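Q: Sequence:
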Amino acid sequence: MLPKRFAFDRRLPDEATVRAALDERAITPFGPGEDLDRLHRVLYPAFRLTFEYEASELLSFGANRETTTTLVDGLVEGNDRFVHEYVDGTADPVTVDPGEFDLGSDHPGLGTTVMLEFQATNDRAESVLVERLLDYRERRAAAGEEAAAVFLNKFKDAYGLPNDFDPDGGIDVVDVSRVYLPFWLAEFRADSADHAYIVSFRDESDADVDHPDGWVAEWVSGDPTVVGDFGYEVDLDRVQRSAGDAGSDGTGSDRGVGDAETNHEGGPDPLDSSGSRGAGAGDGDTEAVQPDGVEMNADSLVDLAPDHGFGEVGGMADLKETLRHKVVRPVTDPDRFAEYGLSVVNGVLLHGPPGCGKTYVTRALAGELGHAFVEVSPADVTSKYMGEPAQKVADVFEIARANAPCLLFIDEIDGIAGDRGGGADMNSSEQQLVNQLLTELESLDDHDVVVVGATNLLEDVDPAIRRSGRFDERVEVPPPDADARRAILDLHLAGRPTVDDLDRSPAVERTVGYAASDLELIAENAAREALRDEAPIGKSHLESALESTESSIGDWVGVSHKEGTHVVQPDGVDLSAHSLVTVDVDQSFGDVGGMAELKARLRETVLDPLSNPETYDRYDIDVLSGLLLYGPPGCGKTHVTRALAGELDHAFVEVSPADLTSKWMGKPEENVADLFEIARANAPCLLFIDEIDAVAGSRGGMSQGSQGMVNQLLTELEALDEDDVVAVGATNLLEDVDGAIRRSGRFDERVEVSPPDVDARREILDLHLGERPVADAVDWDRIVAGTEGYAASDLELLAENAARNALRAGDPIDDDHLDAALDETQSSLRNWGDGDRYAESDAGSDLQYFG
Numbered sequence: 001m002l003p004k005r006f007a008f009d010r011r012l013p014d015e016a017t018v019r020a021a022l023d024e025r026a027i028t029p030f031g032p033g034e035d036l037d038r039l040h041r042v043l044y045p046a047f048r049l050t051f052e053y054e055a056s057e058l059l060s061f062g063a064n065r066e067t068t069t070t071l072v073d074g075l076v077e078g079n080d081r082f083v084h085e086y087v088d089g090t091a092d093p094v095t096v097d098p099g100e101f102d103l104g105s106d107h108p109g110l111g112t113t114v115m116l117e118f119q120a121t122n123d124r125a126e127s128v129l130v131e132r133l134l135d136y137r138e139r140r141a142a143a144g145e146e147a148a149a150v151f152l153n154k155f156k157d158a159y160g161l162p163n164d165f166d167p168d169g170g171i172d173v174v175d176v177s178r179v180y181l182p183f184w185l186a187e188f189r190a191d192s193a194d195h196a197y198i199v200s201f202r203d204e205s206d207a208d209v210d211h212p213d214g215w216v217a218e219w220v221s222g223d224p225t226v227v228g229d230f231g232y233e234v235d236l237d238r239v240q241r242s243a244g245d246a247g248s249d250g251t252g253s254d255r256g257v258g259d260a261e262t263n264h265e266g267g268p269d270p271l272d273s274s275g276s277r278g279a280g281a282g283d284g285d286t287e288a289v290q291p292d293g294v295e296m297n298a299d300s301l302v303d304l305a306p307d308h309g310f311g312e313v314g315g316m317a318d319l320k321e322t323l324r325h326k327v328v329r330p331v332t333d334p335d336r337f338a339e340y341g342l343s344v345v346n347g348v349l350l351h352g353p354p355g356c357g358k359t360y361v362t363r364a365l366a367g368e369l370g371h372a373f374v375e376v377s378p379a380d381v382t383s384k385y386m387g388e389p390a391q392k393v394a395d396v397f398e399i400a401r402a403n404a405p406c407l408l409f410i411d412e413i414d415g416i417a418g419d420r421g422g423g424a425d426m427n428s429s430e431q432q433l434v435n436q437l438l439t440e441l442e443s444l445d446d447h448d449v450v451v452v453g454a455t456n457l458l459e460d461v462d463p464a465i466r467r468s469g470r471f472d473e474r475v476e477v478p479p480p481d482a483d484a485r486r487a488i489l490d491l492h493l494a495g496r497p498t499v500d501d502l503d504r505s506p507a508v509e510r511t512v513g514y515a516a517s518d519l520e521l522i523a524e525n526a527a528r529e530a531l532r533d534e535a536p537i538g539k540s541h542l543e544s545a546l547e548s549t550e551s552s553i554g555d556w557v558g559v560s561h562k563e564g565t566h567v568v569q570p571d572g573v574d575l576s577a578h579s580l581v582t583v584d585v586d587q588s589f590g591d592v593g594g595m596a597e598l599k600a601r602l603r604e605t606v607l608d609p610l611s612n613p614e615t616y617d618r619y620d621i622d623v624l625s626g627l628l629l630y631g632p633p634g635c636g637k638t639h640v641t642r643a644l645a646g647e648l649d650h651a652f653v654e655v656s657p658a659d660l661t662s663k664w665m666g667k668p669e670e671n672v673a674d675l676f677e678i679a680r681a682n683a684p685c686l687l688f689i690d691e692i693d694a695v696a697g698s699r700g701g702m703s704q705g706s707q708g709m710v711n712q713l714l715t716e717l718e719a720l721d722e723d724d725v726v727a728v729g730a731t732n733l734l735e736d737v738d739g740a741i742r743r744s745g746r747f748d749e750r751v752e753v754s755p756p757d758v759d760a761r762r763e764i765l766d767l768h769l770g771e772r773p774v775a776d777a778v779d780w781d782r783i784v785a786g787t788e789g790y791a792a793s794d795l796e797l798l799a800e801n802a803a804r805n806a807l808r809a810g811d812p813i814d815d816d817h818l819d820a821a822l823d824e825t826q827s828s829l830r831n832w833g834d835g836d837r838y839a840e841s842d843a844g845s846d847l848q849y850f851g
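Residue numbers (UniProt numbering): 1 to 851.
Quick caveat, the hints were computed from the structure, so don't treat them as lab data. Note that the coordinates shown come from a computational prediction; the quantities given were computed from them, not determined experimentally. Heads up, a few of these hints could be off.
[Said to hold, decoys possible] Within a straight-line C-alpha distance of at most 16 Å, the following computed EDC-like cross-link-like pairs (lysine to aspartate or glutamate) qualify:
#, residue 1, residue 2
1, Lys156, Asp175
2, Lys326, Asp172
3, Lys154, Asp175
[Claimed, not checked] Pairwise CB distance ranges (calculated):
#, residue 1, residue 2, range
4, Asp88, Gly169, 29 to 39 Å
5, Ser793, Asp206, 36 to 46 Å
6, Asn122, Gly169, 19 to 29 Å
7, Pro463, Thr69, 34 to 44 Å
8, Pro212, Asp135, 22 to 32 Å
9, Ile621, Ala658, 31 to 41 Å
10, Thr69, Ala482, 46 to 56 Å
11, Ala482, Arg532, 26 to 36 Å
12, Ser443, Ser192, 51 to 61 Å
By construction, the Cβ of each residue, glycine as well, lies at the ideal position given by its N, Cα and C atoms.
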């Protein structure tokens with residue numbers, strides 16, 4: 001039942017006033033040709049939490065309990081960071097009679113005013129802040145204060161927590177109330193466009209695509225079914241139910257509003273959530289359809305009624321929600337998405353480490369869709385006979401079309417459609433196979449066939465296959481999360497004798513970064529241990545299995561067992577995150593010889609602001625977002641940057657010009673955008689752009705392609721303010737970097753990494769000789785004095801040459817071996833071609849050995 005009265009944080013202007021104001025000016029990119037097609041008032045639910053917290057002694061000048069208020073999203077949809085901005089208006093809410101609004105007499109929630117139903121209880125809302133605080137403390141305990149600081153800042157920003165909030169104190173919620181945030185949602189169309197454009201606002205004067213209230217429109221336009229999903233009287237369990245289990249009419253619809261076909265103005269209502277999915281090929285049949293003229297056996301490839309669904313996929317909540325959002329909803333309700341200019345997905349490329357469940361989750365996806373499942377692997381289509389592989393591909397797609405609606409799963413698609421860039425290794429028959437696959441994919445627009453490809457590495461798949469239009473979506477299937485690991489262990493221990501109180505938690509905690517297949521092996525090994533003891537599987541057997549079973553994908557995904565993280569490959573990105581990202585950097589400033597002044601400056605400008613953001617915020621000092629290192633080659637810019645990432649406990653993303661440049665028009669800009677997408681996906685991270693002058697040199701006389709790359713880099717750097725990404729560029733000569741890149745705001749700090757001084761040279765030699773046998777009596781002062789003008793890389797080479805000399809003699813390294821190494825190893829800086837330019841530069845050091 002509708003509540004008798006409910007609270008608004010404010011009233012909106014009436015519909016007539018809004019329509020009149022919107023008709024007077026162009027609101028959307030359609031321009032003067034736009035037409036206001038529909039106007040709805042949307043009531044967005046929020047929980048108002050009043051809570052007590054411990055104030056920091058440092059910022060409040062004495063510990064005490066303070067009280068404040070915030071708002072929490074009533075839909076549990078992740079919009080907390082937007083919702084809390086409206087908290088001030090809820091201090092004195094307006095009480096409203098629902099009878100004032102057209103909430104839909106026949107179809108509740110679908111009237112001119114759309115009231116979105118709360119999807120959580122008051123108790124759940126009360127626990128949100130406490131759970132987030134506990135998450136922070138767990139991260140801090142596991143990774144340290146610095147690593148957890150980023151999470152704390154996000155937590156405070158998302159809920160508008162005061163600057164004096166002390167995370168070591170408690171949070172006590174003293175009151176929870178419900179309030180609605182009203183927004184106008186205006187839908188515009190134009191004769192020149194085949195899709196709608198949505199704008200959200202509160203005051204008609206603020207109606208604009210870039211207005212702060214625009215998050216509501218963005219939330220709706222990303223998935224036009226969500227408003228209907230959350231409309232009043234929706235079953236509150238919809239979020240937990242899988243789409244295949246929802247509904248009682250056999251359609252599989254997971255929406256509780258049902259059968260409204262028109263809105264108050266006529267035509268399909270964008271807020272109507274009705275729709276059904278296809279019944280599946282051969283509904284009621286027991287055999288797959290065998291197309292005429294096709295030799296391949298359809299029965300061996302087609303499962304007409306896959307008996308899996310997302311309910312059988314343990315954990316992986318983010319992955320399942322991504323597939324629901326990007327595949328299930330568009331496919332089951334294509335008209336709604338088309339109305340908003342969103343095309344139906346006809347291809348998905350799953351990627352991720354081997355053994356992590358790409359095949360299993362795809363079969364479950366077919367069950368969610370209610371589609372037949374057609375599975376094919378490279379072995380099904382390859383052949384030694386010329387032209388036969390291409391014919392087999394054609395046959396596979398003919399079978400898929402005959403058994404539509406279906407999901408066609410191509411496992412190991414890189415084995416069928418590898419990158420043709422290495423053309424010398426691909427014969428004519430293989431090239432024909434790839435071309436045939438491209439042709440078949442292009443022809444699927446009018447057929448109820450969803451194609452899912454699976455690969456371990458995206459870059460192994462031919463770029464023409466990867467590009468948008470063939471595979472619209474690329475989705476990572478990461479190693480199983482904690483919930484998934486527990487479910488997998490439960491699955492493989494089921495049916496085997498276990499002790500009654502067997503605790504799986506230690507195994508779940510110790511298997512971060514393990515594949516699903518590894519967990520299956522652990523369960524099997526535990527069973528074997530128990531069989532030897534002729535006893536039920538107990539704690540000791542599980543521990544023994546853990547000790548004897550390593551992750552098969554640890555190196556593959558760059559797993560950090562300490563953090564429980566892995567390399568994330570963002571959707572739609574062609575650059576390989578795996579080749580660029582190091583999750584766990586095993587270096588620190590202690591591994592950097594000398595450079596005491598440089599390390600002190602990096603601590604002051606980078607480490608301290610990120611470790612103590614509240615203090616810097618109190619004094620209105622911005623946290624560093626960019627650092628430009630410059631200096632002669634071989635002096636340790638890369639080495640000290642990697643150590644800086646280790647000190648920050650950040651992932652390290654390293655890129656060189658070779659990773660970004662391309663002969664294809666537009667590709668360098670796309671690579672730069674992909675690079676920053678990878679950095680954001682793996683945040684907190686340090687992004688290191690080596691030889692940045694080759695990526696962003698002075699644009700004077702630069703080609704159009706190179707200019708585009710510089711412009712894209714500028715755009716990405718400007719957008720880093722809200723991301724946990726520290727960008728570091730390295731160059732030999734500061735003036736070779738584009739002036740716009742150098743200016744403050746893009747790279748806040750510019751720091752010289754000069755050749756090592758006498759103390760640093762001694763430390764560097766100690767570092768590289770530390771694990772080698774060295775004689776006791778070495779005249780280090782004389783040796784170090786002889787290395788004046790050496791770069792750090794020259795000293796590393798000197799140490800290696802001395803070790804080789806000693807190895808040949810079979811003795812510890814002594815003065816003679818070091819003297820011989822000094823004769824063999826010259827300073828690379830004395831012959832550096834740009835030495836004079838560096839010495840004359842305003843930013844460089846006038847060092848005596850240049851020239």
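Q: If a hint holds in the structure, say so; if it does not, say that too.
A: Status of each hint after checking the structure:
no. : hint                          : result
1   : Lys156 <-> Asp175             : violated (20 Å)
2   : Lys326 <-> Asp172             : violated (39 Å)
3   : Lys154 <-> Asp175             : violated (24 Å)
4   : Asp88 <-> Gly169: 29 to 39 Å  : violated (24 Å)
5   : Ser793 <-> Asp206: 36 to 46 Å : violated (58 Å)
6   : Asn122 <-> Gly169: 19 to 29 Å : holds (23 Å)
7   : Pro463 <-> Thr69: 34 to 44 Å  : violated (52 Å)
8   : Pro212 <-> Asp135: 22 to 32 Å : holds (27 Å)
9   : Ile621 <-> Ala658: 31 to 41 Å : holds (37 Å)
10  : Thr69 <-> Ala482: 46 to 56 Å  : violated (33 Å)
11  : Ala482 <-> Arg532: 26 to 36 Å : holds (30 Å)
12  : Ser443 <-> Ser192: 51 to 61 Å : violated (29 Å)
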